[in-house]
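Chemist: Could you put together the complete structure from these sequences and hints?
Chains A and B, in that order, give the protein sequences. Sequential numbering from 1 applies to the first sequence in my numbering. Sequential numbering from 219 applies to the second sequence in my numbering.
It is possible that some hints are incorrect.
Label pairs and their in silico Cβ distance ranges [unchecked claim]: (1) A:LYS46 with B:ARG359: 36 to 46 angstroms; (2) A:ASP162 with B:THR328: 22 to 32 angstroms; (3) A:THR110 with B:LEU337: 51 to 61 angstroms; (4) A:ASP162 with B:ILE362: 25 to 35 angstroms; (5) A:GLU202 with B:LYS355: 32 to 42 angstroms; (6) B:SER223 with A:THR64: 29 to 39 angstroms; (7) B:LYS391 with A:THR110: 16 to 26 angstroms; (8) B:GLU305 with A:VAL41: 39 to 49 angstroms; (9) A:THR25 with B:MET219: 31 to 41 angstroms.
I should point out that these hints are in silico values taken from the structure, not numbers from a laboratory. The model shown is predicted, which means the values in this text are computed figures rather than measured ones. Yeah, the Cβ is synthetic: ideal placement off N, Cα and C, and Gly gets one too.
Number of protein chains: 2
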Amino acid sequence: MHTLSEENYLKCIYRLWQDKGQKITPTAIAESLGNNPASVVDMIRKLTEKQLINYDKKKGVELTAQGQKDATLIVRRHRLWEVFLLEKLGYHWDEIHDIAEEMEHIKDATLADRLDKFLGFPEYDPHGDPIPKANGKMAKRSSITLADLKAGGHCRVAAVKDTTSSFLQYLQKLDISIGTKIQLIEKIPFDGSLVISIDGGEHKTVSSKFGESVLIDM
Amino acid sequence: MHTLSEENYLKCIYRLWQDKGQKITPTAIAESLGNNPASVVDMIRKLTEKQLINYDKKKGVELTAQGQKDATLIVRRHRLWEVFLLEKLGYHWDEIHDIAEEMEHIKDATLADRLDKFLGFPEYDPHGDPIPKANGKMAKRSSITLADLKAGGHCRVAAVKDTTSSFLQYLQKLDISIGTKIQLIEKIPFDGSLVISIDGGEHKTVSSKFGESVLIDM
DNA sequence: AAATAAAATTAGTCAAGACTAATTTTATTT
DNA sequence: AAATAAAATTAGTCTTGACTAATTTTATTT
Chain A
1 MHTLSEENYL KCIYRLWQDK GQKITPTAIA ESLGNNPASV VDMIRKLTEK QLINYDKKKG
61 VELTAQGQKD ATLIVRRHRL WEVFLLEKLG YHWDEIHDIA EEMEHIKDAT LADRLDKFLG
121 FPEYDPHGDP IPKANGKMAK RSSITLADLK AGGHCRVAAV KDTTSSFLQY LQKLDISIGT
181 KIQLIEKIPF DGSLVISIDG GEHKTVSSKF GESVLIDM
Chain B
219 MHTLSEENYL KCIYRLWQDK GQKITPTAIA ESLGNNPASV VDMIRKLTEK QLINYDKKKG
279 VELTAQGQKD ATLIVRRHRL WEVFLLEKLG YHWDEIHDIA EEMEHIKDAT LADRLDKFLG
339 FPEYDPHGDP IPKANGKMAK RSSITLADLK AGGHCRVAAV KDTTSSFLQY LQKLDISIGT
399 KIQLIEKIPF DGSLVISIDG GEHKTVSSKF GESVLIDM
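Modeler: Following this line, the structure appears as structure tokens:
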């Protein structure tokens, strides 16, 4: 199997690949992981040798079929552990990501499937991200953010793009969670700030960065 | 906190310390971990610097108060995860040790306590080993083995000293688990073989090595 | 006590995976 | 197109935690 580091790179590449249909460059990976680009180049070589990715200067990094499969399994484990930590151990929204980050690397052939069953085959993790099934298939995640909504529009929070505790704690303070209904009252042209109404409540202003981190259904 | 390797050494030293009141030498640690003695010497230096152990050629390796505390926590986590894997995820006796070996290293301040609560504060793990409490205290494990019993004596299996799957599978085949009642019919002087009766059943012969791996209450 | 065996230690090596600094390649401006 | 900036890459270093081989220390025999 793969080392801890290889798994983290795989997962990172997978995430970048999902986020945008954009070219995945060494620099992008380096930024995402907080590593040095030179280190990334080393790992690209290693993962290429293991046939988990292909790298081409024009096309950037691409996951091979095997790489996709392996990355999906890591994501599956991560999201299942998040559900476990929240539902069974009573952690809060903002605490689970970092712990799941460690648990996702536990290696055992049947662990994910047993955990999945134990949890009742959940569809989504606590951040609203779909959990890949044992066969690798998963529901599509919304790709529209609150910032994409036009003024006056109504929506429902489907997921969050950011899992840092600072962001999640802010959401909690605003009383926003998965499923919360939000109306976008106004967009401030100057800096993209958003005036919103949470569950029909009073008007509040949030930043454009905030808006881009909230995935919505309409 | 400690690295994976440091934690494994700590746990190993803790186990050797519990097993016998004997002097813990670099060679003993090396054998126990399957490492080279030279590597052990390096790690002894490192753990000494971190004030987790003291090393003296006469006395061997000893855990400091902090070392004991840290080692106990690792053991606590290991045994709690074993209970989880067996009771909640439906693994068998012989499958859980290796997985728990990975899970015990998950670092989070409240994880062990939450898991403990979730599992209903179990006293013993599936191999009959007592689970250290949050305060570090734990029940004493029996130190008498089946091989120590005298011919004719009755006992109850309290725990197993060996957690390899080959041993556990053999136990399962013999229909022995924690709590099983055994009578020692006869000891064969030639090689220490034991003739036993399991739950009052027919006579069976097992090796002395087997007898030494089964901890009993009388 | 001397000889031998075993254990401990030192010195040096290696691989993984990170880094920095320097260089080359590619993109973007002017 | 030349100049500049950014990205990618190479080369070399560092740390962790293993290793082997050689040496020293300690224990055990004879």
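Chemist: Confirm or reject each hint.
Modeler: Do the hints match the structure? See the list:
Our hint of 36 to 46 angstroms for LYS46 of chain A and ARG359 of chain B holds, since their Cβ atoms are close to 45 angstroms apart. For the hinted restraint 22 to 32 angstroms between ASP162 of chain A and THR328 of chain B, the CB-CB distance of approximately 23 angstroms keeps it satisfied. Taken as a hint, the range 51 to 61 angstroms is violated for the pair THR110 of chain A and LEU337 of chain B, whose Cβ atoms sit roughly 20 angstroms apart. Look at ASP162 of chain A against ILE362 of chain B: about 57 angstroms separates their beta carbons, and that is not inside 25 to 35 angstroms.
The hint said 32 to 42 angstroms for the Cβ distance between GLU202 of chain A and LYS355 of chain B, and at roughly 53 angstroms that hint is violated. Checking the proposed 29 to 39 angstroms range against SER223 of chain B and THR64 of chain A shows it holds: the Cβ atoms sit about 32 angstroms from each other. The hinted range of 16 to 26 angstroms is satisfied by LYS391 of chain B and THR110 of chain A, whose Cβ atoms lie roughly 22 angstroms apart. For GLU305 of chain B paired with VAL41 of chain A, a C-beta distance near 46 angstroms keeps the hint of 39 to 49 angstroms intact.
A beta carbon spacing of about 34 angstroms between THR25 of chain A and MET219 of chain B agrees with the range 31 to 41 angstroms that was offered as a hint.
Hint compliance for this structure: hints 3, 4 and 5 are not met, and every other hint is.
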